[in-house]
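Produce the entire structure from the sequences given, and follow the hints as far as they go.
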Amino acid sequence: MNATQPHIAPPERTLATLGTTHPRTVAAFEAMDASKQLEAIIALDERWSALEMGHTTADLHSQVETLPRCDGEWDLIYAGGGLGLIHALVMQRHGYRVLVFDRDRVGRAHREWNISDTELQALVDLGIFAADELHHIVAHRHERGVVRFHNAAISVPPAELWMAGVLDVSLDAAELLRRVRVKFEAAGGTVLDHRTLRSVRAAPGAVAVEVTDTEGTTQWLRARLLLDALGATSPLAIQRHRGRPFAGVCPTVGSVISGLERGSQPGQHDSSVGDILISVADAQRGQQFIWEGFAGRDDQLTVYLFYYDRIGPAYGVHSLLDLFEDYFALLPTYKRPGNHFQHHKPVYGFIPARHTERRNTAPLLRGVLPVGDAAAQQSPLTFTGFGSHVRNLARTTSLLSYALRWELLEPHWLQHISAYQSNVALHWVFSRFMHPWQEPNTVNQLQNVFARVLNELGTPVAERFFKDQMRWSDYGRIVNHTLRVYQPIISTALTVLGPRDTLRWIVDYGRFTQSAMAAAVGRRLGTWGWHGLERIVERIHPGWSLVLRSRYT
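Just so we're aligned: 520 in our numbering is position 520 of the sequence shown, and the numbers increase by one with no gaps anywhere.
Since the hints were made in silico from the structure, they are not lab data. Every residue, glycine too, gets a C-beta built ideally from N, C-alpha and C. Some hints could be false.
Label pairs and their in silico Cβ distance ranges [as the list claims (entries may be wrong)]: (1) Pro542 with Ser62: 24 to 32 Å; (2) Arg105 with Ala153: 45 to 53 Å; (3) Trp544 with Gln438: 45 to 53 Å; (4) Gln438 with Arg178: 44 to 52 Å; (5) Gly267 with Leu67: 57 to 65 Å; (6) Ser272 with Ala58: 45 to 53 Å; (7) Ala153 with Asn480: 47 to 55 Å; (8) Pro23 with Ser491: 38 to 46 Å; (9) Pro313 with Ala58: 20 to 28 Å; (10) His135 with Arg105: 22 to 30 Å; (11) Gly267 with Gly127: 38 to 46 Å; (12) Arg47 with Arg105: 45 to 53 Å; (13) Arg47 with Gln438: 45 to 53 Å.
Straight-line alpha carbon distances no greater than 20 Å define the calculated EDC-like cross-link-like pairs of lysine to aspartate or glutamate that follow [what the hints assert, rightly or not]: (14) Lys345 with Glu133; (15) Lys345 with Asp299; (16) Lys467 with Glu143; (17) Lys345 with Asp322; (18) Lys183 with Asp172.
The structure is reproduced here in C-alpha cells:
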C-alpha cells in the first residue's frame, strides 16, 4: 500500500469474489475450516474503511432525565467479554453485582497473547489464578527473545538485540478466558452471550443499556456504571473521540501454524527463542512488514505479520484481507515450512493508537468508563493492550471500587481511573520511525542503530523499554546515546516528524519529566507516607483523594 495513496473506498468484497482477488487467503481459510472468520474479516474491513473515511454510525449514547424500565439491575455492566471479563471478575470479588455481555460468546479469545512473568504474577497477586494453576494457561516459555531487522542494504553496523524475560510467556488465551469465566460465574457474576449493544441512556447516578439477542429480542439492563470493553473501535469510544481521529494503526494478521523446519538458523523454528520484532526484507508496497512469532503448545507457533502506518486523507485505506494475501505469500521468507506444515487458525485485528499525551484526551461519556483497548492506553509502539491491562489491573479496579464507594461517578472523577502511563504515551514517537520515509531501507537502517544503542546501554534498559517500564533517566540515555552514535538522527527526526510533531514530542517529554518529578516526591514520602496523605485528603474531600490515589503507581 503506497503511503501517499489518497483515501479510496475499497471495492465491495464477498466470499464469491475473493477466490479471484485473494486466492491464497481463500485456500488457507478453507483448509482451516474458517470460512465464518473470513466473512467476519470482510465485515471488519468494511467497518474499518468506513471509520477511516469518516463515516461513523449513529450515536449510541445519550443523556436523559429518567431511564426506561429495565429487566434487571447491577452495580456494573461490562460490554465486551474479552479483557473486560478479567476486570469484571476482580470487581465481582470486591462484592459488587456484575454482568458481562458480548456479541459473541463471553470469554472467547480472538487473539493469542504473550506477556512477561512480572505481568503473569499480577494475575496471581490479585487472586485470579493460584500459582499452581498457571501451567494450565501457560502454553510455552521462551529462554530468550530477539529483535532483528534486515541488514542487507544498510550503511551502519548491523546489530541484534537479545533479551530474557521480555514477552517470553506464551499464553493459551482460550483456556485463560475459559477459566476466568468459570470463576466469574462461581462468584455470582451474570453472563449474557450473543448480545449486541444497541444504545446507552445515561441519567444522574445510573445508566440503562439496550441489548438485543440473535433473534432480535430487546433487553434493557440497568447499572450504576457501564464499562466499555469493546476495544479501540468501540462505537462508544468512537463517539467519545469524535473529531479526534486515530494517530496511527497497526493492521495485524497471522495464524497458528505447525510443521515448520526445525533448527536454530534464521528461517527455522527454534522454540527456545521468541521473535519479538523481526524484519526479513526492506519496505514492500510502501510498508515495512514486521514479523512476530512465539511458540505455543507442542509444535505450534503463533505468527503475526503487521506494519505501522498513519491515518488520514494522504494515506491509503487499510485492509486485513490484502495483508492476509501478503502473509500467505511471504510466510516462507520468515519461516520455512517442513513436510507436515499446517495452518490451524487465523489471528487478526486492527490495532489503532491515539496520541495519549495526557490521562484522558477526550471527555468521558456520562455513565461510561472505558477499560482495556477502548481506553486507548496501550503502547503505540508495542501495542501490548493485554500487558497494559494486566499490569494496571490492581490499580484500576481499586480506584473503581473507591469511586463506587464514595459515589464519584461523574465523568470528571472517573477520568482519573485509567491505565495511563506517561512513559508509554511517549512511545508514539518511536512508532513513527517504523514507517518508511525515504528509501526502502530507512526503517531497517535506523532500527539497527537503535538495537546497537540498547545493546551498548545494557540489557536492563532494553528490557525496561520493551516491558513498558522505561524510566525518565532511561529515555534521556537512549536519546543522548543515539545522538552520539548516529549524528544524522536530528535531520532524520525532523524529516519524519516535521515541525508540528517535533514540538508535540518536546511537550510530551515535558509532561514525562513532570511525572518523573512527582514520582520522585512519592518515593521520598514512601508507601506509608503517601497512603497517609491519601487518608488525610479523603477527610477533606474523597474526590481529591481519588485524584491523589490515581497518581500513585
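Subject >> Hint check, failures only >> reply: 7, 12, 13 and 14
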